[in-house]
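**Q** Sequence:
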Amino acid sequence: MRRSRLLRGVLAFAFALASASAGAQDDVPPVPNASPLRGFDLERLELNPGAEGALLVGLGELLPAGDFRATVAMQYAHEPLVYMNTGKKLAVVGSRATAHLAAAYAPLSWLQVGLQVPLVAFQGGNSTGLAGAGIPEPRAQTLSTPSLSGRVGLLTQESSGVLDLAAELGVGVPLGSAEGFSRDDGSVRLSPRLMLGRHFGRIRAGLEVGYVQREKMLLTERVGDLEDEVGHEVRVGAALSTTGKRLRWELNVRAMLPLTDQPGAVELLPGARYLASPSLELFALAGMGVGSAPGTPLFRLMVGGAFGKVVPTRGPGESSVRCEPGLVKTLTDPIQECPGSDEDGDGIINSVDRCPLVAGDAARGGCSAKDSDGDGIEDTLDECPDLNGPPARNGCPMDDKDKDEVEDSKDRCPEHAGPADNEGCPVVDFDKDGIVNDNDECPNEPGPPERKGCPEMDSDKDGVPNRLDSCVKDVGAANNLGCPANVPPLVEIKPGHLELFERIYFEASGVVIQSRSLEQLNWVARIVKEHPELPMVVVGGHTDLRSPLDASRRLSQARADAVRQYLISKGAPADRLMAVGFGKTKPKVFPENTYQDREENRRIEFKFIDPQESRGALPADGAAKPGDVRQ
Numbered sequence: 001m002r003r004s005r006l007l008r009g010v011l012a013f014a015f016a017l018a019s020a021s022a023g024a025q026d027d028v029p030p031v032p033n034a035s036p037l038r039g040f041d042l043e044r045l046e047l048n049p050g051a052e053g054a055l056l057v058g059l060g061e062l063l064p065a066g067d068f069r070a071t072v073a074m075q076y077a078h079e080p081l082v083y084m085n086t087g088k089k090l091a092v093v094g095s096r097a098t099a100h101l102a103a104a105y106a107p108l109s110w111l112q113v114g115l116q117v118p119l120v121a122f123q124g125g126n127s128t129g130l131a132g133a134g135i136p137e138p139r140a141q142t143l144s145t146p147s148l149s150g151r152v153g154l155l156t157q158e159s160s161g162v163l164d165l166a167a168e169l170g171v172g173v174p175l176g177s178a179e180g181f182s183r184d185d186g187s188v189r190l191s192p193r194l195m196l197g198r199h200f201g202r203i204r205a206g207l208e209v210g211y212v213q214r215e216k217m218l219l220t221e222r223v224g225d226l227e228d229e230v231g232h233e234v235r236v237g238a239a240l241s242t243t244g245k246r247l248r249w250e251l252n253v254r255a256m257l258p259l260t261d262q263p264g265a266v267e268l269l270p271g272a273r274y275l276a277s278p279s280l281e282l283f284a285l286a287g288m289g290v291g292s293a294p295g296t297p298l299f300r301l302m303v304g305g306a307f308g309k310v311v312p313t314r315g316p317g318e319s320s321v322r323c324e325p326g327l328v329k330t331l332t333d334p335i336q337e338c339p340g341s342d343e344d345g346d347g348i349i350n351s352v353d354r355c356p357l358v359a360g361d362a363a364r365g366g367c368s369a370k371d372s373d374g375d376g377i378e379d380t381l382d383e384c385p386d387l388n389g390p391p392a393r394n395g396c397p398m399d400d401k402d403k404d405e406v407e408d409s410k411d412r413c414p415e416h417a418g419p420a421d422n423e424g425c426p427v428v429d430f431d432k433d434g435i436v437n438d439n440d441e442c443p444n445e446p447g448p449p450e451r452k453g454c455p456e457m458d459s460d461k462d463g464v465p466n467r468l469d470s471c472v473k474d475v476g477a478a479n480n481l482g483c484p485a486n487v488p489p490l491v492e493i494k495p496g497h498l499e500l501f502e503r504i505y506f507e508a509s510g511v512v513i514q515s516r517s518l519e520q521l522n523w524v525a526r527i528v529k530e531h532p533e534l535p536m537v538v539v540g541g542h543t544d545l546r547s548p549l550d551a552s553r554r555l556s557q558a559r560a561d562a563v564r565q566y567l568i569s570k571g572a573p574a575d576r577l578m579a580v581g582f583g584k585t586k587p588k589v590f591p592e593n594t595y596q597d598r599e600e601n602r603r604i605e606f607k608f609i610d611p612q613e614s615r616g617a618l619p620a621d622g623a624a625k626p627g628d629v630r631q
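In full-length UniProt numbering, the protein residues as written are 1 to 631.
None of these hints come from the bench; they were simulated from the model.
Beta carbons are placed, not taken as given, at the ideal position from N, Cα and C, and that holds for glycine.
Watch out, some of these pointers could steer you wrong.
Stated by the list, open to error - No more than 27 angstroms apart at the CA atoms, straight line, and that leaves these computed lysine-lysine pairs for BS3-like:
hint: 1; residue 1: Lys452; residue 2: Lys473
hint: 2; residue 1: Lys245; residue 2: Lys309
hint: 3; residue 1: Lys461; residue 2: Lys473
To be verified - Estimated spans, in silico, between C-beta atoms of each pair:
hint: 4; residue 1: Asn444; residue 2: Asn486; range: 31 to 39 angstroms
hint: 5; residue 1: Asn480; residue 2: Lys403; range: 48 to 56 angstroms
hint: 6; residue 1: Pro488; residue 2: Phe200; range: 37 to 45 angstroms
hint: 7; residue 1: Ile349; residue 2: Ser187; range: 55 to 63 angstroms
hint: 8; residue 1: Ala574; residue 2: Gly374; range: 29 to 37 angstroms
Could you put together the complete structure from these sequences and hints?
**A** In structure tokens form, the structure reads like this:
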């Protein structure tokens, strides 16, 4: 409300100087034809009930599904309603203390409901001046306008990669008191708004734009002179806040753009929030108002606390607030929730530490030189870290369970005696097809030698046998590897291996598979799933010849593991996949004279191996080390 015009002509102040013995005192006589100030809702401060991004401005985020937050705040507003007439100030409401009760609950991941109930605890003005102007003092305590809200999440930064976006509809219920400036005349007040926000590292920023529907109303009136009014208005809010720490800072800016004959206003409210515990947050804000719209104070102070699920949600790439000292004990998964921390204190952060719970050194990727079995070979290089063995056996003992004079590490059948020239397995031909079981891929079904003892199978009856059919469930032509004409296969089944039409690409010097190779790996997973007759598939990782032996083995093993895990995620049976890192021990081109030669040697291969060959060497997760299998 324009302080220079609101009661111009309505409020006239006369000042007289009393005698020196009586003392000086201003007196404001009643103004003829003046009418009392009409009641309206003076309060402009609104809380953000969920407070995920900021306390006063919605930044497009919702509480996680099932979470509840309750807030109790007390705020003081200084001179929120002041009239100016002929240079003299009349404080209708010079001071106002309001308690705000708010709650938010998210029944669904995309829906949040909220409630706010303001209670005027105390307010008062210039009683002498008001009496002289014919305006009654405002009621000191009263209920203000409660409001209900429903917020719908439209986008999240995590899913869209761009920003968080939400829409909300608020409904103000006229239950306050007109005499206490806590209620608008008329029906319910509707407040739709749109909110958006985004994380920028440790900073979160956002914008809120809303519309307030309230009936247009003149605040004062006298014959021949109409004064200021309240009515429909646009409210804009912006906020910046820090994230990821127990103590967080934020700056709220709230502006009002009137759609009626009233002035605009802006409030600046910086503040701080402190997470005292996972269920209690304390906060304080202080700021100033600029403009003369009713409800805009000279300055405002607010303190309060929030209860319930008040731990802020982790943003993209952030560590949890629980990583802060004093809250670490509440973590459920320190390694996952605190990627930037160093859980074992070895100077290597969790996200890159291969052994995040055991102190180590950078040369070993964060792992230690521990020798669990005391055989003089550190665990990272020991193929049998829990069993004592000589260096010539890579730390594994020499065992021969079946007493066939073939040590178990080289015995394909360690439980059954067999000659060394048959790798320790007995010579048996169960299906009587002339091919001994050790060489028979179908030992229980007779088949010709060219089929390695297996009968021809053609599941989709398209004339292409399963052993050559890359689309075993779809009818296709032989010249398209058994696939339909509109489906170009990316992988061919060859004797002893799967042949890829293109290389598998990784990020430079890393283990992250590039997206251009995922479609080809999808074909590999499909073939492994649809061909249960195929033997175990060894995912072999190879590097060029430039890296040291240990480094090349570790890199190739990590890449082979990454490919194996991706195939499993696409449905390939884990027990039919083995990951082996050969490093630079099996180059395809030697020597390396050109860049193309190095490209040829950096590769992923898929070869078949009889399951007996992996017995005793394959860990529970299917990962293996160089030397576990032969190529």
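**Q** Next, verify each hint and record whether it holds.
**A** Hints, one by one, checked against the model:
no.: 1; hint: Lys452 <-> Lys473; in the structure: holds, 23 angstroms
no.: 2; hint: Lys245 <-> Lys309; in the structure: holds, 16 angstroms
no.: 3; hint: Lys461 <-> Lys473; in the structure: holds, 9 angstroms
no.: 4; hint: Asn444 <-> Asn486: 31 to 39 angstroms; in the structure: holds, 38 angstroms
no.: 5; hint: Asn480 <-> Lys403: 48 to 56 angstroms; in the structure: holds, 52 angstroms
no.: 6; hint: Pro488 <-> Phe200: 37 to 45 angstroms; in the structure: holds, 43 angstroms
no.: 7; hint: Ile349 <-> Ser187: 55 to 63 angstroms; in the structure: holds, 58 angstroms
no.: 8; hint: Ala574 <-> Gly374: 29 to 37 angstroms; in the structure: holds, 33 angstroms
This entry satisfies every hint, going by the numbered hints stated previously.
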